[in-house]
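Participant: Using the hints provided, position chain B relative to the given structure of chain A.
Listed below, chain by chain, are the residues.
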Amino acid sequence: MAEPRIDVSIEHKNLPESSNDDKKHPNTCPGCGSHYRDDELAGNLRVCPQCGHHFPVRGRERIEQLTDKGTFEEEASDLRSEDPLGFFDLRPYTERIAEAEISTGLGDAMVIGRAVIEKQPCELAVMDFSFMGGSMGSVVGEKLSRAAESAIEGKVPLVTVTASGGARMQEGILSLMQLPKTVCAVEDLRDARCGFISVMTHPTTAGVLASFASLGDVIVAEPGALLAFTGPRVVQQTTREKLPDDFGQAESNLRFGHIDAIVPRGELRPFLGRSLRLFRNGQ
Amino acid sequence: MASEDERHPRERMSRLRGLPLLRGTRLTGDLEKLRKQLDRIETEPSDEEIWRSVELARHSQRPYSLDYVERLFDDFLELHGDRARAEDPALVTGLARFQGRTIAVIGQQKGRELNERTKRNFGMAHPEGYRKGMRVMEIAQRHGFPLVTFLDSPGAYPGVAAEQHGQGGAIARSQALMARLTVPLVACIIGEGNSGGAIAIGLVDRVLMQENAIYSVISPEGCAAILWRDGAEKVKAAVALKPDAVHCLELGVIDEIVDEPKGGAHLNPDEAARMLGNALAKTLDELLAIPGDELREQRRARYRRAGIFSARSQEPALQPGH
Numbered sequence: 004m005a006e007p008r009i010d011v012s013i014e015h016k017n018l019p020e021s022s023n024d025d026k027k028h029p030n031t032c033p034g035c036g037s038h039y040r041d042d043e044l045a046g047n048l049r050v051c052p053q054c055g056h057h058f059p060v061r062g063r064e065r066i067e068q069l070t071d072k073g074t075f076e077e078e079a080s081d082l083r084s085e086d087p088l089g090f091f092d093l094r095p096y097t098e099r100i101a102e103a104e105i106s107t108g109l110g111d112a113m114v115i116g117r118a119v120i121e122k123q124p125c126e127l128a129v130m131d132f133s134f135m136g137g138s139m140g141s142v143v144g145e146k147l148s149r150a151a152e153s154a155i156e157g158k159v160p161l162v163t164v165t166a167s168g169g170a171r172m173q174e175g176i177l178s179l180m181q182l183p184k185t186v187c188a189v190e191d192l193r194d195a196r197c198g199f200i201s202v203m204t205h206p207t208t209a210g211v212l213a214s215f216a217s218l219g220d221v222i223v224a225e226p227g228a229l230l231a232f233t234g235p236r237v238v239q240q241t242t243r244e245k246l247p248d249d250f251g252q253a254e255s256n257l258r259f260g261h262i263d264a265i266v267p268r269g270e271l272r273p274f275l276g277r278s279l280r281l282f283r284n285g286q
Numbered sequence: 017m018a019s020e021d022e023r024h025p026r027e028r029m030s031r032l033r034g035l036p037l038l039r040g041t042r043l044t045g046d047l048e049k050l051r052k053q054l055d056r057i058e059t060e061p062s063d064e065e066i067w068r069s070v071e072l073a074r075h076s077q078r079p080y081s082l083d084y085v086e087r088l089f090d091d092f093l094e095l096h097g098d099r100a101r102a103e104d105p106a107l108v109t110g111l112a113r114f115q116g117r118t119i120a121v122i123g124q125q126k127g128r129e130l131n132e133r134t135k136r137n138f139g140m141a142h143p144e145g146y147r148k149g150m151r152v153m154e155i156a157q158r159h160g161f162p163l164v165t166f167l168d169s170p171g172a173y174p175g176v177a178a179e180q181h182g183q184g185g186a187i188a189r190s191q192a193l194m195a196r197l198t199v200p201l202v203a204c205i206i207g208e209g210n211s212g213g214a215i216a217i218g219l220v221d222r223v224l225m226q227e228n229a230i231y232s233v234i235s236p237e238g239c240a241a242i243l244w245r246d247g248a249e250k251v252k253a254a255v256a257l258k259p260d261a262v263h264c265l266e267l268g269v270i271d272e273i274v275d276e277p278k279g280g281a282h283l284n285p286d287e288a289a290r291m292l293g294n295a296l297a298k299t300l301d302e303l304l305a306i307p308g309d310e311l312r313e314q315r316r317a318r319y320r321r322a323g324i325f326s327a328r329s330q331e332p333a334l335q336p337g338h
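Residue numbers (this note's numbering), protein chains in the order written: chain A, 4 to 286; chain B, 17 to 338.
Careful, some of the hints might be misleading.
Claimed, not checked - List of simulated lysine to aspartate or glutamate pairs, EDC-like, C-alpha gap at most 16 angstroms:
id : chain 1 : residue 1 : chain 2 : residue 2
1  : B       : Lys252    : A       : Asp92
2  : B       : Lys252    : B       : Glu65
3  : B       : Lys250    : A       : Asp92
4  : B       : Lys250    : B       : Glu103
5  : B       : Lys135    : B       : Glu103
6  : B       : Lys250    : B       : Glu71
Simulated from the structure, these hints should not be mistaken for laboratory data. The structure displayed is predicted, hence computed values, not measured ones.
One chain only, chain A, in its complex shape (with noise of 0.2 angstroms):
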């Protein structure tokens, strides 16, 4: 005797979209699905106390988690991109820019200054995932190569903390030519023998990986953050390979021998402390 069917497809269909994808709520873990305030989240590095997810940090609020209180002297926050291509895809970039900078508070996708960091002097540049994706264009490009031009002449080391979807397409091949841009700014740097330590965070990917981030002298990152050239989904779509559970991500890196260490949030700070002192050599 056949069961019974139960039609469910009304219920179904009144279930709220947002419910079957991934567009939860930005405080709700992925990880564990546990939900918290804003303050507690940022009360804890916003690292998920249940089970050790890494929710992304935006540019400013990380520069207060590293760096020691009211040493931050913020450089070049007057820059602000072009639209030198004229780019137009469904809305102009221009509107882009000033919804990101509207919505960010920032000029652009990276921000740099001297900082001390545990007593350490350094020059930092971290970058933002909310202002466009994290992209790189001009703006960026030019932050970073200031940011080593100010570590070679404070001879200090550089840290750069960076969360990036790649070049930014709407400046074209200009964006491409930040790659080289960056890439010839740490082979100053290296001229100057300041160290550069890179911090890769969620998600550290194409044009940003292929350039500067990958050139830190010490090269660490993030518990699970995914850090490939090219992304998972790409990667599927093009080659139609199965690909391992751990894609990309940082232990997967670890693994093949393209970073130093994996550092928790929670030790990022005294873990950049004690490299700056050792890249200081007792000066």
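Facilitator: Okay, now just chain B, sitting in the frame of chain A:
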């Protein structure tokens, strides 16, 4: 006082700079070159012309790197393997004779027949390829050989093994090595110069670009898939990205547009090679006259200037009526 000859191109240039499209113009070089560059820019490519460049750049009969190596150089000695893991046929490297001197060569290589295309992985290199390239760069540096690269690839290979073997890091380190070399470096864009895969061997002193080649941060299809959420909008994406030679010259990312035979390089590969060879010979002569340290300094300065941005305090007020 500037001569009549000199004034004319300068006036035209300042007039052209007034156009919104040309805000980024960075024309350099002697008068003769300047005039040629200006002639190119005076007519802006139409949308159809831009898309035609994309098609011609990918034409299946278009000469590939080895077609030029064969026609331009003597005694080509191909070098294989990265001395660590593998040989990557998507990137060919070697030494050869050009105009009476030894040069090092790195070229992205597509294949023509199915077997060859598969073997060459459609010109998409793995990290092993870039590491092989770096090995040849080191040979060039040690022996003072100029390095000539040929760019023609859909991009670096987007596969699992490529990621596991460090695609991003290999592209970064290849560029870093090029930033350190003190020998002349020339890149020839002969087909598709796409994304990180191209710039990995594209950090150079001079960039020559064939008139129907393209140079872009992402393929039109990739851009369309992300920004239009529809790969079929590739023509719109190409027009927006402006990957054609004229726009690249305007934006200052290439130094010279190299003519092709009428209708495209595929119609007469011998003639296309002769034209590219002439430009390459002239460029190398120019660079060989510059001491190595200075060359490297100029190279770093070249990329230091790359990009167009503004400082907020200098922003002009909006004009009424706009």
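Participant: Taking the earlier hints as the rules, which of them does this structure contradict?
Facilitator: Hint 4 alone not satisfied by this model.
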